[in-house]
Every structure is written in structure tokens, then in C-alpha cells.
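Peer 1: Sequence:
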Amino acid sequence: MSEVPTNITDKKWLYSKNIHKALSTRIEKKKFHTSLGDGSKWLIFLSNKYIDNFWSKIKDATEDGRLGPLSKVSTAQSRKKGYLVVVYIEDGENEQDKDRVKEEIKKLGIKKIIYKGNSNKKKKTQPHLTTKQYQMNKSDFKCPHCQSKSFIRNGRLPSGKFKYKCKECKRYFSSIIKISNKNSYLSNMERV
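The numbering used here puts the first residue of the sequence shown at 1, with every later residue one more than the last.
Worth flagging that the hints you see were computed from the coordinates, not collected in a lab.
It is possible that some hints are incorrect.
What the hints assert, rightly or not - Think about it this way: if two alpha-carbon atoms lie no more than 30 Å apart in a straight line, the pair counts; the simulated DSSO-like pairs of lysine-lysine are: (1) 112 / 17; (2) 112 / 102; (3) 49 / 102; (4) 49 / 112; (5) 98 / 165; (6) 165 / 80.
Using the sequences and the accompanying hints, generate a full structural model.
Peer 2: This is the structure:
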């Protein structure tokens, strides 16, 4: 009998690979971005009640070549509220392949799935500051609420702008990053 996620406590993930694709062996060596195309994937969140049954179906479909090159599931060791199943696809820009994998997952009886594209794509299209550049340049700007120069970067907004939190007034604000003459700098402080 194959391993089931609810009984595994000695490792965080169980893997299933497409036996028809040589690509999958390279994936297991942690070379996701170079060997897995663009790293796009379908995410499936399942409860303890359903995970073992659906993992068995996803594992079989992956090994038969009906899904992408690799699937993985979180185990009881890494479980917090539920389980995560990740089904990788080779090319997220290939809409036909993306939709094909989605339909195959739905045929297995899973209704709610989430697509996550390549995270590296954002890094290429959205310029960002290194930590050193950020520390050098943030002193030139003030919190739009209290004029304090003491603030910390606190993630990104969906628009791609950085989000900052003022250490003095505890309010949030955002900025737009611009590249000019090969020097990065913060500009256009806006309230959030």
C-alpha cells in the first residue's frame, strides 16, 4: 500500500512524478526554476477528512501523465489546519496545458483549486531595491501622516507597490519604485 499523508510524520512532503517525463527527476534535485519551466502550479487545499482519498487519485493521475510533471502533498508533520496539494505544470503561459490540467483535476472530484503562476516573473518585470539600496534611500523620505523618517518595509500591495509602516504613528503608506540612471530610489509617497 502506498504512503498516505495523514500517517507520515517523518517528512514534510510526499511526491508523485510523471513516469513519462525525464523532467521530473531533475525537479527532485531542487532545481525547480530551471527544470520545471516557469514553476507554475495548481494549489488544492483539503481537510483531514478528504486528503488521503484525493491524494491517491492525484498521485495516480500524475504518474499516468494526465497531470503535470510533478505533484506533492503536505504530510501530518507539516499540517496546521489542513493539507496542501501542489500540481506543477510545465508552462504557465500555455493556456491549453493549464486548462487541461485544471479539467483533469476537476474530473478527480476536486471543485476548488487555485492557480499560482511563476513568482520569478514578477521579479523580472517589477524593479526592486536591494536591502542596502533601501536603507540608503529611505532616509530621504518621510511618513505622509506624521513626517517621521522612521518606518519599515511591510510587504507589497496587489498593485506591486511596497507597503511601509511608520514606527511613530503606526500607520501604513505605500510608495512607487522608479529606476533612473541605474540608481533605485523611493518616490511618490502615498497614504494607504
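Peer 1: Against each hint, give a clear statement of whether it holds in the structure.
Peer 2: These are the hints, each one checked on the structure:
1. 112 / 17: Holds. Residue 112 to residue 17 sits at ~22 Å (cutoff 30 Å).
2. 112 / 102: 10 Å, holds
3. 49 / 102: Holds, because 22 Å separates the two Cα atoms, which is no more than 30 Å.
4. 49 / 112: 16 Å, holds
5. 98 / 165: Roughly 38 Å separates the two Cα atoms, so the pair is violated.
6. 165 / 80: 29 Å, holds
Violation of the numbered hints given earlier is confined to hint 5; every other hint is satisfied by the structure.
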